[in-house]
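2 protein chains.
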Amino acid sequence: MNGAESLVRTLKLSGIDVCFTNPGTSEMHFMAALDRTDALRCVLGLQENVVTGAADGYARMAGKPAATLLHLGPGLANGLANLHNANKACTGIVNIVGDHATYHIEVDAPLTADVEGIARPVSDWVKTSPTSEGIAADGAEAVRQATTHPGRIATLILPANTAWGEGSEPVAASIPNAPAPPDADKVEAAAKALSSGAAAALYLKGNVLREPGLTFAAKIAAKTGARLLAPTSNARIDRGAGRAAVERVPYVVAQAVERLAPLKHIVGIGDAEPVAFFAYPDKPSRVLPEGCQRHHLASDDEDGVRALEMLCDALDAHGAAPELAERSVPELPGAGAVDPDTIAATVAALLPEGAVVVDESITSGRNLNWQTAGAAPHSWLSLCGGSIGDGFPLATGAAIACPDQKVIDLQSDGSGMYTLQALWTQARENLDVTTVVFANRAYKILQGEMTAVGVEEPGRVARDMFGLDRPNLDWVSLSKGMGVDAEKVEDAVAFTEAFQRGLATPGPYVIEAVF
Amino acid sequence: MNGAESLVRTLKLSGIDVCFTNPGTSEMHFMAALDRTDALRCVLGLQENVVTGAADGYARMAGKPAATLLHLGPGLANGLANLHNANKACTGIVNIVGDHATYHIEVDAPLTADVEGIARPVSDWVKTSPTSEGIAADGAEAVRQATTHPGRIATLILPANTAWGEGSEPVAASIPNAPAPPDADKVEAAAKALSSGAAAALYLKGNVLREPGLTFAAKIAAKTGARLLAPTSNARIDRGAGRAAVERVPYVVAQAVERLAPLKHIVGIGDAEPVAFFAYPDKPSRVLPEGCQRHHLASDDEDGVRALEMLCDALDAHGAAPELAERSVPELPGAGAVDPDTIAATVAALLPEGAVVVDESITSGRNLNWQTAGAAPHSWLSLCGGSIGDGFPLATGAAIACPDQKVIDLQSDGSGMYTLQALWTQARENLDVTTVVFANRAYKILQGEMTAVGVEEPGRVARDMFGLDRPNLDWVSLSKGMGVDAEKVEDAVAFTEAFQRGLATPGPYVIEAVF
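Those protein sequences? They're chains A and B, same order as listed.
Per the working numbering, residue 3 is the first one in the first sequence, and the count goes up by one each step.
Per the working numbering, residue 3 is the first one in the second sequence, and the count goes up by one each step.
Be a bit skeptical, because a hint or two may be false.
Quick list of simulated restraints, FRET-style, between CB atoms [stated by the list, open to error]:
| # | chain 1 | residue 1 | chain 2 | residue 2 | range |
| --- | --- | --- | --- | --- | --- |
| 1 | A | A496 | B | V331 | 50 to 56 Å |
| 2 | A | G450 | B | W372 | 54 to 60 Å |
| 3 | A | P283 | B | P214 | 50 to 56 Å |
| 4 | B | G461 | A | A337 | 42 to 48 Å |
| 5 | B | G450 | A | I177 | 46 to 52 Å |
| 6 | B | G450 | A | G336 | 57 to 63 Å |
| 7 | B | E492 | A | D116 | 39 to 45 Å |
| 8 | B | G293 | A | D116 | 32 to 38 Å |
| 9 | A | P283 | B | I177 | 31 to 37 Å |
| 10 | A | P354 | B | E492 | 38 to 44 Å |
| 11 | A | A496 | B | G336 | 45 to 51 Å |
| 12 | B | A256 | A | E492 | 42 to 48 Å |
| 13 | B | G461 | A | E355 | 50 to 56 Å |
Only part of the chain B face toward chain A is listed, based on derived beta-carbon distances under 7 Å [unchecked claim]:
| # | residue |
| --- | --- |
| 14 | H31 |
| 15 | I120 |
| 16 | Q257 |
Listed below are several chain B residues computed to face chain A (Cβ distance under 8 Å; list not exhaustive) [as the list claims (entries may be wrong)]:
| # | residue |
| --- | --- |
| 17 | K90 |
| 18 | A281 |
| 19 | P283 |
| 20 | G388 |
| 21 | W426 |
| 22 | G461 |
| 23 | P473 |
Calculated from the structure, these hints are not laboratory results.
None of the values given here were measured: they were computed from a predicted structure.
Glycine included, every Cβ here is placed at the ideal spot set by N, Cα and C.
Given the sequences, and given the hints that come with them, work out the whole structure.
What follows is the structure, encoded as structure tokens:
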């Protein structure tokens with residue numbers, strides 16, 4: 003068995019089931035091994051940011067990493083932005099990046115690049131595997147790294163001669179059963195702060211935003227009056243009717259400052275604190291009020307769920323009655339132009355139970371959080387690293403992970419254009435994704451940001467650079483060009499009908515909502 | 003004047019006229035300065051690999067760098083692959099990459115990334131400009147770096163507070179008049195080798211593949227019998243009727259070995275030697291025959307044209323009658339299925355004088371070099387770094403540089419899908435580009451490479467990963483979705499008619515040739 007086959011079998015043995023790929027010549031032995039063994043489900047993306055973003059979406063829903071297969075330094079580079087997003091989401095991914103045979107590097111062929119250098123800024127672990135005998139052990143270590151709580155980006159570089167040389171037997175990764183345990187002293191300090199009577203909040207990040215973490219948090223809130231907060235963007239929040247509602251920190255700095263102003267204590271689960279997305283000349287980078295005491299219940303690599311359970315113990319909160327979101331179904335909008343609010347009403351009213359919502363709606367979705375709070379229970383996935391172009395790929399990967407759940411992609415048009423190639427993968431795999439394109443035909447956020455830097459009336463150049471008009475994008479043609487059925491709507495009633503058609507379609511469907 | 007404006011004015015003062023952009027929030031002050039000064043032509047790309055590839059195409063034809071404007075680490079990452087290609091083409095580009103305000107980095111906001119780390123693998127020069135007073139001088143240095151012969155990638159990182167703080171007066175870059183002079187000893191050694199009577203070749207790279215370098219080379223060939231060779235892929239070759247024909251080293255290793263086998267001496271202009279694109283278990287990485295002596299006339303940073311002129315002097319070759327390609331017009335193909343050969347015949351017959359041909363035809367274009375040797379004089383631009391997805395952007399940038407020349411993009415379908423967003427830019431700027439999509443609906447090259455690694459009959463997984471069918475891409479819909487007129491042809495006569503329509507259209511036009 004050659005090195006490539008020993009690696010494929012190692013991945014399978016270590017629990018990897020899916021490989022998102024965009025292969026090239028240097029990966030041919032790996033491809034041949036995938037072909038021979040039929041060990042992994044291979045999903046092709048026509049650009050690498052689709053591949054890496056899909057791996058992110060898959061892991062967020064499957065709860066375990068996928069592999070990616072990328073073609074040398076430039077193939078990795080094409081997928082780097084969504085690896086950045088995945089890294090900020092604490093998603094586990096095993097990247098297999100082919101490279102030239104080790105002896106071929108020195109001739110400086112066209113595709114020669116510093117693969118490790120490209121990988122490092124987005125990877126928690128990088129290794130070039132120098133020998134075919136060692137690749138199985140390296141592959142197992144890559145899976146162990148990726149699976150380490152809360153999830154890490156592991157990039158394993160596979161020189162062509164490591165792939166084609168004689169390999170060892172496959173190796174099963176040794177994956178820890180549980181994350182690092184929380185620190186009892188921190189639990190005690192948090193309990194003290196939350197019992198002080200002063201205004202307090204839990205700041206939740208990572209897997210505590212799902213059950214059972216959410217229920218522990220809600221009981222603590224019920225017992226102590228603490229608010230439940232989360233970052234603006236999160237890898238996955240399970241929410242909707244019957245679940246504890248979590249306030250997300252607003253994107254707009256002034257709003258964030260205002261919402262957080264009353265706090266005297268904040269208890270963080272995960273390493274983050276609430277911060278501004280960008281810096282502005284007269285605005286703070288940190289949005290907590292002065293004098294608010296930060297407590298650190300658990301760091302990213304510790305078991306946040308167990309920490310919340312221990313906090314429940316310490317506060318004697320297990321019997322508290324948590325406040326859960328009530329089911330509330332907005333009225334379907336009547337005749338009139340479609341806009342973000344009417345879209346939100348329709349989505350909230352019709353969202354199927356168990357749906358996975360991917361939110362890359364940017365400015366169009368600023369109110370979605372409260373508008374959908376009483377919808378049927380669902381999972382909400384957002385862009386965590388701020389690099390737009392994650393929506394289509396996340397939806398693609400989530401749908402691979404959850405073939406029995408409807409995926410709804412709320413997609414702004416500007417962001418969608420970065421990785422529209424994912425629609426082809428949705429068509430090929432017949433993935434059950436309904437995409438709503440918010441077609442405001444602009445980088446709307448930048449029009450707002452221009453005002454924020456003091457330009458009241460953008461000139462010609464800025465208008466040109468922020469406008470996606472002249473020509474307008476036609477998302478129906480773009481979708482159909484990649485084999486996905488689509489329709490365009492401008493009216494709110496037409497949108498509801500289109501959304502119903504999308505939900506009834508057992509495959510990908512795109513609705514371009516123009517407003 | 004703030005730092006951003008001092009940088010914009012510095013770029014203009016230093017000879018930069020065009021800025022290819024995909025801006026974000028952290029670049030708002032730079033955008034406002036572009037808007038206020040109207041100093042640079044701004045061209046928007048809807049994904050950053052379009053932006054960087056267009057800057058490459060622009061510089062290859064304009065003979066000077068453009069600027070790019072990219073949004074933080076992830077925006078740079080999205081454009082990295084075409085910067086890799088540009089770097090291998092020795093193209094000069096000035097990247098301006100916005101970053102968070104320096105004091106904002108420590109809060110680890112979602113878009114925080116190691117921007118320098120991402121830039122380094124594809125940049126010859128990287129600097130984060132720490133102060134608004136220093137940004138003008140840094141900008142001038144970036145232009146000087148990018149303009150240094152033969153062309154370099156300079157990446158200047160602009161923190162938001164460097165942009166909005168008080169700047170200095172703009173600074174004009176000090177650009178050298180000429181590249182480093184060649185070494186007379188090397189010229190003498192080369193002359194001796196070429197006069198030895200043994201089989202010899204000149205191996206040409208860079209700007210010697212245009213006039214007047216080409217004529218010097220052809221005179222040397224006429225005088226000594228030396229062959230004229232060039233790498234498989236080149237930034238730009240000026241060729242066609244009336245010009246010296248240059249043999250490109252074949253991509254297929256066995257063919258390259260066979261073509262080079264007779265050589266006893268090779269005289270290189272530029273640092274490269276002929277090498278295999280990829281390594282294979284039983285094939286050499288270096289394709290020159292054993293015993294062939296390498297001579298190094300000029301390195302990449304030396305004046306290759308002057309070196310050839312000096313070699314003409316040394317060989318007394320100025321009076322030699324160079325062999326120039328004769329005008330030969332193939333017959334237009336008759337009825338029958340369209341295929342790469344009938345496309346080549348039509349393109350060769352109808353190519354307008356002065357056309358710029360961008361070649362990302364990959365397997366479909368293996369014979370294009372000789373098929374178009376006698377076409378009307380034109381410039382030929384190829385993919386130099388092997389990272390597919392360069393064709394649409396190169397054509398876009400070349401058309402910005404040469405508004406009075408027709409640009410023909412010979413584009414394979416698999417490669418085209420990486421950066422199809424460039425079509426929107428072509429529509430917005432009404433660029434005179436006719437694109438021929440070679441729609442073989444496969445990563446055809448990989449089907450061949452799979453055979454090369456010993457797999458005679460690819461299995462289901464490999465067929466799935468190499469096929470772009472199920473569903474077929476519809477390039478007419480994709481093009482129209484971005485505002486570009488398009489048609490599909492399957493017949494050779496229909497292709498000729500479509501190509502004539504494309505040539506007659508004073509704007510972008512796409513022909514999907516299905517075979």
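How the hints compare with the structure:
no.	hint	result
1	A496(A) <-> V331(B): 50 to 56 Å	holds, 55 Å
2	G450(A) <-> W372(B): 54 to 60 Å	holds, 56 Å
3	P283(A) <-> P214(B): 50 to 56 Å	holds, 53 Å
4	G461(B) <-> A337(A): 42 to 48 Å	violated, 55 Å
5	G450(B) <-> I177(A): 46 to 52 Å	violated, 39 Å
6	G450(B) <-> G336(A): 57 to 63 Å	holds, 59 Å
7	E492(B) <-> D116(A): 39 to 45 Å	holds, 44 Å
8	G293(B) <-> D116(A): 32 to 38 Å	holds, 33 Å
9	P283(A) <-> I177(B): 31 to 37 Å	holds, 34 Å
10	P354(A) <-> E492(B): 38 to 44 Å	holds, 42 Å
11	A496(A) <-> G336(B): 45 to 51 Å	holds, 50 Å
12	A256(B) <-> E492(A): 42 to 48 Å	violated, 59 Å
13	G461(B) <-> E355(A): 50 to 56 Å	violated, 39 Å
14	H31	holds, 6 Å
15	I120	holds, 5 Å
16	Q257	violated, 16 Å
17	K90	holds, 5 Å
18	A281	holds, 4 Å
19	P283	holds, 6 Å
20	G388	holds, 4 Å
21	W426	holds, 7 Å
22	G461	holds, 4 Å
23	P473	holds, 3 Å
Hints 4, 5, 12, 13 and 16 from the earlier list are contradicted by this structure; the remaining hints agree with it.
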